[in-house]
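Asks: What follows is the residue order along each chain.
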Amino acid sequence: MIAGNDRPMASADQLCTYALRLGDDALILAQRLSEWASRAPEIEEDIALTNIALDLLGQARELLDYAGTVENAGRDEDDLAYLRVEREFVNTHLVEQENGDFAHTIVRQLFFSAYQLALYEELISSRDELLAGVAAKGVKEAAYHHDHAMQWTLRLGDGTDESHRRMQAAVDRLWPYTAELFDADDVEKTLAAQGIAVDPSTLKSRWSQAISEVLTSATLTVPETVWSSRGGRRGVHTEAFGYLLAEMQYLHRAHPGAEW
Amino acid sequence: MSTTPLWEVFVRSRRGLSHVHVGSLHAADAEMALRNARDVYTRRGEGVSIWVAPSSEIWASTPDEKDPFFDPNADKVYRHPTFYTLPEEVRQM
Chain Y
1 MIAGNDRPMA SADQLCTYAL RLGDDALILA QRLSEWASRA PEIEEDIALT
51 NIALDLLGQA RELLDYAGTV ENAGRDEDDL AYLRVEREFV NTHLVEQENG
101 DFAHTIVRQL FFSAYQLALY EELISSRDEL LAGVAAKGVK EAAYHHDHAM
151 QWTLRLGDGT DESHRRMQAA VDRLWPYTAE LFDADDVEKT LAAQGIAVDP
201 STLKSRWSQA ISEVLTSATL TVPETVWSSR GGRRGVHTEA FGYLLAEMQY
251 LHRAHPGAEW
Chain U
1 MSTTPLWEVF VRSRRGLSHV HVGSLHAADA EMALRNARDV YTRRGEGVSI
51 WVAPSSEIWA STPDEKDPFF DPNADKVYRH PTFYTLPEEV RQM
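Chains as they are written, first to last, in our numbering: chain Y, 1 to 260; chain U, 1 to 93.
Hints listed in this document are in silico derivations from the structure and should not be mistaken for laboratory results.
Even glycine gets a Cβ: it sits at the ideal position worked out from N, Cα and C.
Take the hints with a grain of salt, since some may be wrong.
Said to hold, decoys possible - Per label pair, the in silico range of CB-to-CB distance: (1) D161(Y) with D29(U): 16 to 24 angstroms; (2) L17(U) with D158(Y): 34 to 42 angstroms; (3) D158(Y) with H80(U): 54 to 62 angstroms; (4) D158(Y) with H21(U): 30 to 38 angstroms; (5) A12(Y) with L6(U): 38 to 46 angstroms; (6) A169(Y) with A30(U): 37 to 45 angstroms; (7) T202(Y) with L17(U): 39 to 47 angstroms; (8) E35(Y) with G45(U): 26 to 34 angstroms.
Stated by the list, open to error - Computed, partial: chain U to chain Y, Cβ under 7 angstroms: (9) H21; (10) N36; (11) D39; (12) V40; (13) V77.
To be verified - A few chain Y residues that don't get close to chain U, going by computed Cβ distances all over 10 angstroms: (14) E98; (15) H148; (16) G257.
Use the sequences and the hints to build the structure in full.
Replies: Structure (structure tokens):
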């Protein structure tokens, strides 16, 4: 396809995949965080975590809606969220990891929000109007999510022996899932070359520096990378993901089109 | 769980208005209290500025002291600006 201004356009497939990747990350993390509703250590934190979940859900809705529009096969945001099967989801492994204890949730949030903040800061200048719009709105949300996670990381890491132990365990456990955030394949590379997407590999050093500063201030140790979990962007997921999908999709599948 | 201190939260809804007490919450320290206050009390665009203060630092008059504190003022009408005639042009004062 050639656009009016003679620039070669990325294929609709690629744009759709890119929107799905960003949208699925937001959707699945929102679903995970919403599992904290009524279970957080304090009611204030209950509200904070579900607020973050709602921010991410809002981003997911716009991105999935856009993916559906670009795909042009008549699927809307609900079809994409509730009627795809596991192999069709292209979120990273990090966001689907179970909540674990509060430390795990905070560390997962720290890792993801630092990545998403860097991503949105770049995506604001995308030539794609919708992606730029999602990023412009999302960058403020991501900045807050990152601040929230950072504040807790500092306090729990440099807190009691028990909170430090749990935080370090969470950092070590989740570290192998961070590399995938920065993987770029043809989709990102082609779209990035056209000023539409952000090549996530360009965000890696900024992320590593920010994370290492926070972890060090929190008296936590930055782990060595021994192995990395990958495959989410191709639809290959970890065991926990199937259970998440079953819960997320049950209602819509049992009562198609249910509204409340 | 009540391991963290209680904080009183004051929110200014617009520039020009003063901070108004909106409630209280638990948080480990002042920075976290500010963030919690943001999430609990300003989610629907209620504020442009937040103050938090440790509840333990607030000294309050007690209901027992109500009479000596407030009653003596009630019968001193000369303290109230009720003896001025307001020009009609001044609608509200």
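Asks: Hints first: check each against the structure and report whether it holds.
Replies: For each hint, the structure was consulted:
no., hint, verdict
1, D161(Y) with D29(U): 16 to 24 angstroms, "holds, 19 angstroms"
2, L17(U) with D158(Y): 34 to 42 angstroms, "holds, 38 angstroms"
3, D158(Y) with H80(U): 54 to 62 angstroms, "holds, 56 angstroms"
4, D158(Y) with H21(U): 30 to 38 angstroms, "holds, 32 angstroms"
5, A12(Y) with L6(U): 38 to 46 angstroms, "violated, 55 angstroms"
6, A169(Y) with A30(U): 37 to 45 angstroms, "violated, 29 angstroms"
7, T202(Y) with L17(U): 39 to 47 angstroms, "holds, 45 angstroms"
8, E35(Y) with G45(U): 26 to 34 angstroms, "holds, 27 angstroms"
9, H21, "violated, 17 angstroms"
10, N36, "holds, 4 angstroms"
11, D39, "holds, 4 angstroms"
12, V40, "holds, 6 angstroms"
13, V77, "violated, 47 angstroms"
14, E98, "holds, 22 angstroms"
15, H148, "violated, 6 angstroms"
16, G257, "holds, 29 angstroms"
Taken one by one, the earlier hints fail for this structure at numbers 5, 6, 9, 13 and 15, listed in ascending order.
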